[in-house]
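Could you slot chain A onto chain L? The hints should help.
Residue numbers (this note's numbering), protein chains in the order written: chain L, 1 to 114; chain A, 1 to 113.
Keep in mind the hints are simulated off the structure, nothing from the lab. Keep in mind it's a predicted model, so treat the numbers as computed, not measured. Each residue gets a CB set at the ideal place from its N, CA and C atoms; glycine is no exception. Watch out, some of these pointers could steer you wrong.
Said to hold, decoys possible - For lysine-lysine, the following DSS-like pairs were computed, each having C-alpha atoms within a straight-line distance of at most 25 angstroms:
1) A:K11 with A:K57
2) A:K78 with A:K57
3) A:K78 with L:K42
4) L:K42 with A:K11
5) A:K11 with A:K78
6) L:K67 with L:K56
Claimed, not checked - Sample of chain L residues lacking proximity to chain A, with all beta carbon distances greater than 12 angstroms (derived):
7) E15
8) A17
9) G29
10) P81
11) S82
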Amino acid sequence: QKEVEQNSGPLSVPEGAIASLNCTYSDRGSQSFFWYRQYSGKSPELIMFIYSNGDKEDGRFTAQLNKASQYVSLLIRDSQPSDSATYLCAVKFWAGGSARQLTFGSGTQLTVLP
Amino acid sequence: GAGVSQSPRYKVAKRGQDVALRCDPISGHVSLFWYQQALGQGPEFLTYFQNEAQLDKSGLPSDRFFAERPEGSVSTLKIQRTQQEDSAVYLCASSADGNQPQHFGDGTRLSIL
Numbered sequence: 001q002k003e004v005e006q007n008s009g010p011l012s013v014p015e016g017a018i019a020s021l022n023c024t025y026s027d028r029g030s031q032s033f034f035w036y037r038q039y040s041g042k043s044p045e046l047i048m049f050i051y052s053n054g055d056k057e058d059g060r061f062t063a064q065l066n067k068a069s070q071y072v073s074l075l076i077r078d079s080q081p082s083d084s085a086t087y088l089c090a091v092k093f094w095a096g097g098s099a100r101q102l103t104f105g106s107g108t109q110l111t112v113l114p
Numbered sequence: 001g002a003g004v005s006q007s008p009r010y011k012v013a014k015r016g017q018d019v020a021l022r023c024d025p026i027s028g029h030v031s032l033f034w035y036q037q038a039l040g041q042g043p044e045f046l047t048y049f050q051n052e053a054q055l056d057k058s059g060l061p062s063d064r065f066f067a068e069r070p071e072g073s074v075s076t077l078k079i080q081r082t083q084q085e086d087s088a089v090y091l092c093a094s095s096a097d098g099n100q101p102q103h104f105g106d107g108t109r110l111s112i113l
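The following block holds chain L by itself, in its conformation from the complex (with noise of 0.2 angstroms):
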């Protein structure tokens, strides 16, 4: 079975410092990674997405991908109150033929305090 595991925290962080959010899946022929932002009560929000090994940077967020790991990271630098929310790892399994969805985990929620 495909799994994708979060830790589901709270994590909380001081206003200003580094939050780490963690993700590991079980499956090695998986493609595609995402990290969705999801306020409670709102839809998942579009963060990052990374497709290769290494670090993709975006503004204040870098995804990290070690596919030999099988572990996929997101770095906030400079966190602040406003990432307080649920940041959901989603990956796409490579299944074949016309498997397009994604599998999410369950979440960690992130608390960055002022």
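Same frame as chain L, now just chain A:
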């Protein structure tokens, strides 16, 4: 529209009633997905359309769940003879094609009494 639009935002139904949830994807997006999100969990895949073709319905939990996208744009998720365990947020997502990132609507929060 600018984003994925879902309606209604909230739906309360009595057990045994049928419900219909609507999704209007981003204009021009070929791929459309339905997910179910229980409280405190990540979304779980229900079904996937490419244009009007339903290419994957492996996530639908029972034959009470039915989805359609007859003209390749708006989609409707129908749940017949609702049960309490159907209570969840139903999310719709669309993407330009099956390989592009998915963008989500605000969801429909369904409560079955």
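Here's how the hints hold up against the structure:
no., hint, result
1, A:K11 with A:K57, "holds (23 angstroms)"
2, A:K78 with A:K57, "holds (13 angstroms)"
3, A:K78 with L:K42, "holds (22 angstroms)"
4, L:K42 with A:K11, "holds (16 angstroms)"
5, A:K11 with A:K78, "holds (13 angstroms)"
6, L:K67 with L:K56, "holds (14 angstroms)"
7, E15, "holds (26 angstroms)"
8, A17, "holds (25 angstroms)"
9, G29, "holds (15 angstroms)"
10, P81, "holds (22 angstroms)"
11, S82, "holds (19 angstroms)"
Checked against the numbered hints given earlier, the structure satisfies every one of them.
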